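Sequence order for the protein chains is L and A.
Following UniProt numbering, the numbering of the first sequence begins with 1 at its first residue and continues without gaps.
Following UniProt numbering, the numbering of the second sequence begins with 1 at its first residue and continues without gaps.
Hints in this document: simulated from the structure, not taken from any laboratory.
Quick caveat: nothing in here was measured; it's all calculated off a predicted structure.
Fair warning: there could be bad hints in the mix.
Since the list can't tell identical chains apart, any single copy or any two copies may satisfy a pair.
Stated by the list, open to error - With a straight-line Cα cutoff of 20 Å, these simulated EDC-like cross-link-like pairs (lysine to aspartate or glutamate) come out: (1) K217 with D453; (2) K254 with D296; (3) K312 with D52; (4) K254 with D300; (5) K77 with E6; (6) K555 with E418; (7) K77 with D453; (8) K254 with E29; (9) K32 with D258; (10) K461 with E432; (11) K244 with D296; (12) K32 with D558; (13) K141 with E253; (14) K555 with D545; (15) K254 with D38.
Protein chains: 2
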Amino acid sequence: MTAIGENSVGLVETKVLRVVEADAPLLLECGKRLGPIDVAYETYGQLNEARDNAILVCHALSGSAHAAGVHRPDDAKPGWWEDMIGPGKGIDTDKYFVLCSNVLGGCSGTTGPSSVDPETGQPYGLRFPIITIADMVRVQKLLLDRLGIDHLLAVIGGSIGGMQVLQWSIAYPEMMDAAIPVATTTHLGAQSIAFDAVGRNAILADASFANGQYHGKSVPARGLAIARMIGHITYLSEEGMRQKFGRQLRSTEKYSYDFNSEFSVETYLDYQGQTFVDRFDANSYLYITKASDYFDLARDHGSLQQAFANAKARFLVVSFSSDWLFTPAQSEAIVDALVANGRDVSFCNIDSSYGHDAFLLENDTLGAFINCFLTATRRRNGVEVEGVCCPRHPRVPSRAEQAHRARVDYQLVESLIEPDATVLDVGCGDGELLARLRQDKRIEGRGIELEQDLVLNGVCKRLSIIQYDIERGLGSYADRSFDYAILSQTVQTIRDPERVLTELLRVGRQVVVSFPNFAHWRSRVQLMCRGKAPVTRQLPFGWHDTPNIHCLSLKDFDEFCGHLGATIERRVPLVKTRPSPVRLWPNLLAEQVIYVLRKD
Amino acid sequence: MTAIGENSVGLVETKVLRVVEADAPLLLECGKRLGPIDVAYETYGQLNEARDNAILVCHALSGSAHAAGVHRPDDAKPGWWEDMIGPGKGIDTDKYFVLCSNVLGGCSGTTGPSSVDPETGQPYGLRFPIITIADMVRVQKLLLDRLGIDHLLAVIGGSIGGMQVLQWSIAYPEMMDAAIPVATTTHLGAQSIAFDAVGRNAILADASFANGQYHGKSVPARGLAIARMIGHITYLSEEGMRQKFGRQLRSTEKYSYDFNSEFSVETYLDYQGQTFVDRFDANSYLYITKASDYFDLARDHGSLQQAFANAKARFLVVSFSSDWLFTPAQSEAIVDALVANGRDVSFCNIDSSYGHDAFLLENDTLGAFINCFLTATRRRNGVEVEGVCCPRHPRVPSRAEQAHRARVDYQLVESLIEPDATVLDVGCGDGELLARLRQDKRIEGRGIELEQDLVLNGVCKRLSIIQYDIERGLGSYADRSFDYAILSQTVQTIRDPERVLTELLRVGRQVVVSFPNFAHWRSRVQLMCRGKAPVTRQLPFGWHDTPNIHCLSLKDFDEFCGHLGATIERRVPLVKTRPSPVRLWPNLLAEQVIYVLRKD
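All chains, full assembly: derive it from the sequences and hints.
Here it is, written out as structure tokens:
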């Protein structure tokens, strides 16, 4: 048996490079100096001639430099991100040169607390200085310097690896085109700090810990196992655990009435704890979790917005719906801070029941996003990229999409937009309008869309799409940050049009709104003569299953604009989607309408 | 300083009674026998002459018999539910005789694993048999027998105490009028079992544990503290921890760069762990958490519905919105099982950020619910109860309520309901209609309502109200379980009328539906002549801020009934709320309408 699967990078080797010499130790954030520092790393794929295809992958708490492939043909397990890194995979080693290094403080080849302290000739133990995420990133940068890599196409990582990605984007903004922080956060909340603290407590409480000087003796196995068990609970979601284990017993249908592990979830945790002890070092667990607790970009920079003020990369922020360790809301906070700085950011909250672990398990969806985003980034850089970046399955469009596709003719909206403008399309669907505007008017576009698959479509079109619910508002967008904000065929479907329109009028210099006219003569006649809720070409749904939860006419909207204090710059009533506007009795004859508004 | 606050029961004493003699040991669920068994208990208030005012309070994991008052005038802390039990409080000791006993396996006076094993003369330690929630309840029953209490007005408890309440309602259904399980569950899910298992692991891993024979030596303090810390994280909500601690540092603004506890949340957990060690026994922690893991009513009885098949009590089930240990969904499962059995159940999911701990902290709201429910239960028993049961603050009615109060005249609905019928009012508001129907038609009513305050109003009116969102459906209600299901002035506000109506037609032999007529001539004229979304007496909201997300007429609903396969038994078009039905052109002249439907 071999672990080399199809599309594996195959046999790989961990190399070690000294990046800090003993006589020139590195000044750490804690104020202490550390040297020498060795770094273990692996690479996959080839650096191209232009040297513009290098990707740095950052690992999480228990990872290592060994991200893909196997060390020996008979290895039982491949690298920790084997499903993501390889020929034709999410991070495609046929196209990219991928580098992954073990973090400072780790236990897989890079200098850490169980390395030998040159001063004592013994392992450091708790004499090892406290390290931070920023220290880890500085050491990675030193490694790249040594390897002669002065530019990165992207930095990618999940969880604590994602913290490193964020730190990279802030510390070395010029050095990278793209940043892909996955399932991460700019700071741990009280609950996550608490879990880490209890885990460390369990290690420190283990009688074998001996102040970290357990090397060559019995290791603090029970303490480390307990820490790992706690961690594992936080990596899975409640729903995922319920599906995977429920109340299933390990081997019998009867309770054993003793304190042995008998529920499947107990034996799972026992196993996770035990195997972790065999491959990981208790001291490194202490140091890396502490680095994670200390990570706090807002604290370092005054605010989260200031933290990203100088970031240059395109961002793809990814969270997972059931992740309760580093929650979608924490990823949204990253997105909000980037948006507030006017940065180029896409965001997807991938629907998953795997919890935090999803970043290692949702390979199809995450891989498609990463692959599309990397391809799009290269194309934006003017590089010709061949082939298809993501698997496109023909989908049956949802009813909301069908309604959406009854959007007013794009040509007409295009005619209202000035060239070279900046445009925010709220409820942008698959991004087709933005893509056309970019093509024909050279606009710089951003989109907001709720559905995951449509967000992927947009990202694939080199667009920057954020997966947000419009109803949550646009609070992070600066005043007048776009020349145009577009709300196409959506106002009648949202709960609180007043709030959304008010926000759009703040964010956009001009706001383009279109909707079906509820007072079209067919609707009037249907209600007047037949006494029924109108069903027309533009309002095709029955009263009980319509996504349109508001009925409004041109007159209603005129009054509403007055109520909002908005000036109507243009009002284009339409029959069908003919670009020729209705002139006579528009509120009677128009099937739909496009408004251009402004509020000074 | 004294801990005797206002309205305290004051000085109290823990008594101990032997309920099982050594020579007649109790056969436990695990198959082993245990004896002797002593039980520690306290009582507050007076048993009345009718002996019908006794309430049993069941404590949670770390509680004891000492639920209220103080043992000495200078006690620093009163009993664990001091805020709930006392004169004029939620459990009013002026009215009720309250009894609380330490659970079997505990460490506060009742026989447990640290009691002396008569066979060895040493503490039991791990020789103590595994106990279950059912065993605990049997011992409580034996105590009541000894005390000559043969009937309980109510059994009340939170968390593991709530499990005891559920077990009581099943094991001794005839003995109690009311059951109030708070923040509890019928079984632990995989995640909760996992947390318990890791906590026990920490205790068992402590070098001082010595197979439970640590008495007189050093106790397994670090292991027990770690278990308690893990527990405490699960008792708070993420939101609550964020509000209470955030990333606040204990004493300085700078990181200390060492492994001492420096975040406030760390020192909080240290403190909780440390003080717990001083007052609780590690062996008891093992046994009680194991009892909680084993608790599984569906397993014991074949299904959750069967578990409650013989329950007789009125239930008030209470959960807390941010409780992620025993979640609102788990309480809803209890409610669903009771509903499926046609039991008398009220349910409230109290809005709180305190997490699981809310059952000890949300005293005002929980106290009002308990007080009202107890009073209502006594009144249903025909007992005259004086005074006000809950504080009624005059509230400004919400917009949804205002719309609700435009309900069709109750007299009219009343005229459609046969006497002595069973009625389910979906979206029942404050329960006024049900209360009137009970008064005038002697109906047996049940209500569903989403807003917490309105649920309390209903409970206070001796009604059984479940706090559910109608949109989740009525899946737990049996077919034809009511003579009438009422949906009054609500169909136009729900997302999926088809699903809700289908369910109502399944659950009710007849369904009474009322709604405003969108095709009333005023609406028609407004749309026809003015070209605006109608605003009328019955449809008083503007297009953009209306709770009415569907527009329907009598004709629309007639067709819809055909679509649903429902027979229209009666259709009562109304002008204003006049009981005289419109005869001519009802779809034109009726402002609103009442339908009576049936589906055979």
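Results for each hint:
In the homo-oligomer, the alpha carbons of K217 and D453 never lie at most 20 Å apart, since the shortest distance is 53 Å inside one protomer and 63 Å across protomers. Proximity of K254 and D296 under a CA criterion of 20 Å is satisfied inter-copy only: 12 Å between copies versus 48 Å inside one chain copy. When the C-alpha separation of K312 and D52 is checked against a cutoff of 20 Å, the pair qualifies only within one copy, where the shortest distance is 16 Å, while the shortest distance between copies is 74 Å. For the identical chains of this complex, K254 and D300 are inter-copy neighbours only, at 11 Å across copies versus 55 Å inside a copy, given an alpha-carbon limit of 20 Å.
Taking the shortest Cα distances, K77 and E6 sit within 20 Å of each other inside one copy (14 Å), while across copies they are farther apart (66 Å). For the homomeric pair K555 and E418, neither the shortest alpha-carbon distance inside one copy (27 Å) nor that between copies (48 Å) is at most 20 Å. In the homo-oligomer, the alpha carbons of K77 and D453 never lie at most 20 Å apart, since the shortest distance is 32 Å inside one protomer and 57 Å across protomers. With identical chains, the CA atoms of K254 and E29 are at most 20 Å apart between copies only, with a shortest distance of 12 Å across copies and 55 Å within one.
Proximity of K32 and D258 under a CA criterion of 20 Å is satisfied inter-copy only: 12 Å between copies versus 50 Å inside one chain copy. In this homomeric assembly, K461 and E432 come within 20 Å of each other (Cα to Cα) only inside a single copy, at 9 Å, whereas the closest approach across copies is 57 Å. For the homomeric pair K244 and D296, the shortest alpha-carbon distance between copies (18 Å) is at most 20 Å, but the shortest distance inside one copy (34 Å) is not. Proximity of K32 and D558 under a CA criterion of 20 Å is satisfied in neither setting, with 66 Å inside one chain copy and 80 Å between copies.
For a Cα distance limit of 20 Å, the shortest separation of K141 from E253 qualifies neither inside one copy, at 55 Å, nor across copies, at 29 Å. When the C-alpha separation of K555 and D545 is checked against a cutoff of 20 Å, the pair qualifies only between copies, where the shortest distance is 16 Å, while the shortest distance within a copy is 25 Å. Within a single copy, K254 and D38 get their C-alpha atoms no closer than 53 Å, and across copies no closer than 29 Å, so neither meets the 20 Å cut-off.
In this structure, the hints that do not hold are numbers 1, 6, 7, 12, 13, 15, in rising order.
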